[in-house]
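**Q** Residue numbers (full-length UniProt numbering), protein chains in the order written: chain A, 1 to 368; chain L, 1 to 305.
No lab work stands behind these hints: they were computed from the structure. Being a predicted model, the structure only gives us computed values, none of them experimental. Fair warning: there could be bad hints in the mix.
Said to hold, decoys possible - Derived DEER-like restraints, expressed as beta-carbon distance ranges:
| id | chain 1 | residue 1 | chain 2 | residue 2 | range |
| --- | --- | --- | --- | --- | --- |
| 1 | A | T61 | L | R204 | 15 to 25 Å |
| 2 | L | Q187 | A | P76 | 20 to 30 Å |
| 3 | A | D170 | L | V117 | 31 to 41 Å |
| 4 | A | E114 | L | Q187 | 32 to 42 Å |
We put the CB at the ideal spot given by N, CA and C, even for glycine.
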Amino acid sequence: MTAGDGRIELTDLCKRYGSGPLVVDHVNIDIASGEFITLLGPSGSGKTTTLNMIAGFTDVTSGTIKLGGRDIAPLPPHRRAFGMVFQSYALFPHMTVAQNVAFPLRERKVAKEEIARRVEETLRLVDLGGMGGRRPDELSGGQQQRVALARAVVFSPSVLLLDEPLSALDRKLRQTLQQEIKRLHEELKLTFVFVTHDQDEAMSLSDRIAVFNAGRVERIGTPADLYRDPGTRFVAGFLGESNLFSGRLRPGGVYEWAGHKWAVRDADGLPAGRDLVVRPERLLLAAAPTDVPAGVNSVQAKVTGLFFQGTHQRAELDYGDGMTGCAVLSPDAMAGIRAGSSVTAYWDPAHQVLVTPPTDPHPNEETA
Amino acid sequence: MPASTASPPTAASAPPAGRRPAARRRRAAALLLLLPALIALILFFVLPLLDIIIGSFTDPEPGLGNYLALFSDGYTLRVLGRTLLVALIVTLVGLLLGYPYAYMMTLASPTTRAVMVTVVLVPFWTSMMARNFAWMVLIQDGGVVQGILSLVGLSGVTLLGTATGVALSMTQVLLPFMVLPMFSVMQQIDRRLLLAGQSLGASRLSTFRKVYLPLSLPGVISGGSLVFVLALGFYVTPALLGSPQSALIAQIISVRTRDLLDFGGAGAMGVLILVVTLIALGASRRLAGTGTAVAAHAVAAGGDR
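So that you can see chain A by itself, here it is in the shape it has in the complex (with noise of 0.2 Å):
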């Protein structure tokens, strides 16, 4: 059983529960071979559910998936053959790590010695060689889940599927093994399915982000693309921060916001209802009006709180109306800017981008 073709296509995917909604709502997303691709979206969206259904622990409602173009519907968990990696480690408590490492390649009657030299080359591979004769209970979080890692890809699957393996880590930790699992990523080719919450490891890990949003696929694409052009007002919030109004597009190029009116490009044609958002780091303050350039859209503004994070500052501000948002900037463009001073916050109209707005209340929306 080697690394074949790992590529995967879930079409129409669909998921209920009983007789209640859908949580998994027509997904279709199509991976390629050794891609990593990240299921990124807020608790209940339906991410995890996906990956229960591509692992087989879920029976699918209704759509296909398949693998390499064969349909897997009708094969149990234990014959897809994928890598999974659990947030609660799963490590079986009652063998040693390297028993742990060796029980996939047991079930797969693999002879001992090859068993044996898998083993230590997988541990080898996580950093963890010599440490065979440990028992879990006896390693670290962040150690488990590098043994975790290891039984998961020891069998060389196409696929590794990984559950949000970092949750249960603390922030440090979680750095190094991002950067371990880009790494294993690189160095065996797999296809990695990864899904979370966080998205700031959703956009430095992933080759693609299929965002979700109460059982829909919200937008899918690179973590530039979808930072740079999010598409709908959930993602906007979702990946990054952003300074988001809820104004109307007027014709001949305006955008309508509170009394302000804003030059807007290539918006023929859009409807009227389109939020705009602006990422922090667009965003540039000036603390007199007369120190605006031209040719810039801007916005007053009260600055409520100004933090200082060593390669940045952070101004926190306030817009009326009950809307907030913040500005990212180095700290020389904050000469003159102090906490509870009033400013002119200004952007260049090509660091701007129209979103969808929200068709239907998400609650989860705000609290990314």
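Dock chain L against the given chain A, drawing on the hints supplied.
**A** Same frame as chain A, now just chain L:
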């Protein structure tokens, strides 16, 4: 940083001066709390037990006479063998009934689980006499159980007054001791381990055998040794449902003390069964580590003798 490197030495140098007397005082207080139980245990358990052990060597005359008689009368060993066999059967049948039951309890909804616990505990809550007489009615000649057995072609099976009838009733009575330890261990098994096993290429059956079963084993050993030990010393059920021909060891101890007034001989039998019990507990401790055997001791002390 400087503050944190400076503080450990002060923290380490402080205790020798101030903490030791406090620790000693705390230990003394703990001892004081244990005292009532300790006194009761010595007065009502250790001293009588010593008396029995000493009596078994000295009554009616000093020496090993009582023990030699036990091993040579050809009767005691047979009864002991029968008692061990009944206890073993009760344990094995209890395991077969209790394991799936405890497993289903871990899967059931909280309401269903509460019902299942109640069903297991009902024999616990009924009066011992009511329970045993109920079994007597059930298994007597012409009773319900015999009727059912004759339906499946086993007519004329006598249960009342036999070791089989006794084992049947003991199995039911001891089931909670089997189910509850197993349930408490099974409940702590992370079910995601089973998903992990399947994701790694093991079928459901294989995952159960290699992951779930080994992890549930402490509960099995704990419940099994508990039931085995309790069954060894069971008296009321065999006395009521059994017969002198199928007597178990507790019955012949009773006969010795009350009818024959052979306290030395009865004491020797008591010591014998105590030794067998300790061997059984020691073996289970070996099998499952200390924790379960300690639990077995704890519950055995309050058991239904």
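**Q** It remains to establish, for every hint, whether it holds in the given structure.
**A** Here is how each hint holds up against the structure:
1. A/T61 to L/R204: 15 to 25 Å: Holds - the Cβ-Cβ distance for A/T61 and L/R204, about 22 Å, lies within 15 to 25 Å.
2. L/Q187 to A/P76: 20 to 30 Å: Cβ of L/Q187 to Cβ of A/P76: about 26 Å, so the range 20 to 30 Å holds.
3. A/D170 to L/V117: 31 to 41 Å: Since A/D170 and L/V117 have Cβ atoms about 39 Å apart, the given range 31 to 41 Å holds.
4. A/E114 to L/Q187: 32 to 42 Å: Roughly 38 Å apart at Cβ, these two residues keep to the hinted range, so it holds.
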